[in-house]
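Got chain E; can you put chain H on it based on the hints?
In case you want the letters, here they are:
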Amino acid sequence: MRVRILAPATRGPTLQSGESPATIPGVAQIEVQKLTKTFKVSEREGGFSAALGSVFRRRYKQVHAVEQIDAVIEKGEIVGFLGPNGAGKTTTLKMLTGLLHPTSGAATVLGHTPWRRDPDYLRQISMVMGQRSQLHWDLPAMDSFILHLAVYRVDKARGRATLDELIGLLDLAGVIKKQVRTLSLGERMKCELAVSLLHNPAVLFLDEPTLGVDITMQARIRQFIAEYNRRYGATIILTSHYMADVTALCKRVIVIDRGHILFDGPLAGLSTRVAPFKVINIDLSRDVDGYDFARAGDVVAQESRKVTLRVAKERAAEATTRLLADLPVLDLTIEDPPIEDVIAQVFARGTGPD
Amino acid sequence: MRTVLAVMPAFMRVSLATMFQYRAEIVLWAVWGVVYPAVALAMWGAAVAGTGGTDIKGFAPSDFAAYFLLTMVIGHLGTAWDVYEMGYMVRSGRMSTRLLRPLLPIWSSVADNVAYKLLTLTILIPVWMIVVWVTRPTFNIGWAQLVYGLPAVLLASVLSYLWGYILALVAFWTTKTEGVGEVWFGMSLFFGGRLAPLTIMPPILQWIAAFLPAKWIVWFPAAALMGRLSIPEMTWGLLMQAFWLVGGLVVFRFTWRAAVKRYTAVGI
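In order, the protein sequences belong to chains E and H.
Quick note: the first sequence, position 307, residue 307 per this note's numbering, numbers continuous.
Quick note: the second sequence, position 129, residue 129 per this note's numbering, numbers continuous.
Isolated chain E, as found in the complex (with noise of 0.2 angstroms):
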């Protein structure tokens, strides 16, 4: 008989062996203190008189969509948010990078306030919003990226070089010269990671970058902005509903529910956290009809002789104590839940009842 308790189920980065972390610790880059933005919405029931009625007098409510928020991001993390819809994300990410005026609260981003709008700021960092494009639909990507280059004022050798330097990484040869209303729509979104790179920002907001993108340009696109991450040392902050996304790049993570922080801290601290549930795998030596595992946990899956088990973290050894005793173990596992299930019990959590 063995009993294994196993080391956290994290898919860490993908940065290659050898290669530093960019993380430079101790330069705070992004610093949020209480930041809240609440909204004033006009509501009303549907039809046709709610409509008439609404004309003469609107009812509004506010909407707390970001909540005294604190956190404090280094130079060179890649830091993925994570929430289900309505959590605050792209609220949060709007107030970084001045698209949006907290209602309090402060932020730094570069030593600059992001809602002052001042040019200096905004030329330092870009926002990639997976569904609105930067590129003219019209044209090629091509020009778009002229066009970008001399809006940012990239010295031009500069400019002629990351420009290489971003259609080799993302493969782009064959595609700029295509009218962006005729690309794919992986196609079109690595057009939009490189457009939003080409001034070379030190701080890179990704909203939903992989939005809608098969999983082959998936994987693609997380390789890619590993790999600029790791050259230029570049700040990103994530928002992702890909578990992939976050698992794959991001070792840090901040969970936003409902405008409230609910976790900050490493990937593998969150199942602690957000799931505090062992999973016990047994392994029978010959069936044991009609015992009650239930009584021992949740049984996520029984096959004859082999059962999975979920257990809530403080009873899990009280739990495998009493399956030892009771049953003809051959091999037993504790193990933290798969990060994928974690993530996913996040997302969940949005979508009941309030």
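A few of these clues could be false.
Unchecked claim - Only pairs whose alpha carbons sit at most 27 angstroms apart, straight line, appear in this in silico BS3-like list of lysine-lysine:
{"#": "1", "chain 1": "H", "residue 1": "K176", "chain 2": "E", "residue 2": "K61"}
{"#": "2", "chain 1": "E", "residue 1": "K34", "chain 2": "E", "residue 2": "K61"}
{"#": "3", "chain 1": "H", "residue 1": "K261", "chain 2": "H", "residue 2": "K176"}
{"#": "4", "chain 1": "E", "residue 1": "K156", "chain 2": "E", "residue 2": "K177"}
{"#": "5", "chain 1": "E", "residue 1": "K156", "chain 2": "E", "residue 2": "K178"}
{"#": "6", "chain 1": "H", "residue 1": "K176", "chain 2": "H", "residue 2": "K117"}
{"#": "7", "chain 1": "H", "residue 1": "K176", "chain 2": "E", "residue 2": "K40"}
{"#": "8", "chain 1": "E", "residue 1": "K251", "chain 2": "E", "residue 2": "K75"}
{"#": "9", "chain 1": "E", "residue 1": "K251", "chain 2": "E", "residue 2": "K34"}
{"#": "10", "chain 1": "E", "residue 1": "K40", "chain 2": "E", "residue 2": "K61"}
{"#": "11", "chain 1": "H", "residue 1": "K261", "chain 2": "E", "residue 2": "K34"}
{"#": "12", "chain 1": "E", "residue 1": "K75", "chain 2": "E", "residue 2": "K34"}
{"#": "13", "chain 1": "H", "residue 1": "K261", "chain 2": "E", "residue 2": "K40"}
{"#": "14", "chain 1": "H", "residue 1": "K261", "chain 2": "E", "residue 2": "K61"}
{"#": "15", "chain 1": "E", "residue 1": "K313", "chain 2": "E", "residue 2": "K251"}
Derived by calculation from the structure, the hints in this document are not laboratory data.
Quantities reported herein were computed from a predicted structural model and do not represent experimental measurements.
Just chain H now, with coordinates in the frame of chain E:
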């Protein structure tokens, strides 16, 4: 300002390239600018004939021809469509990508505008020549009219653009500005002198027009280039244009700040 000057050629190249993609539409818009002054011209020509006399308040058919030809040119140079477009920009969130740039969004719109005007001149100049050949306008001008009139035309197009853009900023509050655009166009018809030379309009309209920028955007440069204004009148006109320009810049500055504040407060 150095940044703006450096970026303008790049913006214009993109604007022109985009317009080449929509050649037919561009031609139609440009020709529409010829159609309505031509209709007004035909109407007033018929009106003069209807009175049995030779003119209406000093405007003979060839004077009407000159006046409406000039309003065609001035109207073209004053074309601005931001007021029709801004609502869409704000509603669809496209403004966000513009606001991320380290440059005021108005500059890319100015580039689009100038590119459109330059491009369509290639079609319009021959059309205007045909209008001249058909309607035989009379001009009564010397050097003074040119020296005063040409800057007046330039200032008029700047004023038209600037005030059009200021009105477009209403979109940041209402998210729809097509209605505002129609009111603005209507104003230039009645109070700007696009429908008829201002001096033959009822006194009450002339009186209201004196307090609006439209008069200095259409009527004044046209009347100056026709030779209908004395030098003191033209000097006064240029001063009034300068007043509306400075006023426009001040209003723009405040409105733009408020608009961005509003946009970033609501988060569209």
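Hints versus structure:
{"no.": "1", "hint": "H:K176 with E:K61", "in the structure": "23 angstroms, holds"}
{"no.": "2", "hint": "E:K34 with E:K61", "in the structure": "22 angstroms, holds"}
{"no.": "3", "hint": "H:K261 with H:K176", "in the structure": "18 angstroms, holds"}
{"no.": "4", "hint": "E:K156 with E:K177", "in the structure": "20 angstroms, holds"}
{"no.": "5", "hint": "E:K156 with E:K178", "in the structure": "23 angstroms, holds"}
{"no.": "6", "hint": "H:K176 with H:K117", "in the structure": "25 angstroms, holds"}
{"no.": "7", "hint": "H:K176 with E:K40", "in the structure": "19 angstroms, holds"}
{"no.": "8", "hint": "E:K251 with E:K75", "in the structure": "14 angstroms, holds"}
{"no.": "9", "hint": "E:K251 with E:K34", "in the structure": "24 angstroms, holds"}
{"no.": "10", "hint": "E:K40 with E:K61", "in the structure": "6 angstroms, holds"}
{"no.": "11", "hint": "H:K261 with E:K34", "in the structure": "20 angstroms, holds"}
{"no.": "12", "hint": "E:K75 with E:K34", "in the structure": "21 angstroms, holds"}
{"no.": "13", "hint": "H:K261 with E:K40", "in the structure": "15 angstroms, holds"}
{"no.": "14", "hint": "H:K261 with E:K61", "in the structure": "20 angstroms, holds"}
{"no.": "15", "hint": "E:K313 with E:K251", "in the structure": "23 angstroms, holds"}
Going through the hint list in order, the structure satisfies each hint without exception.
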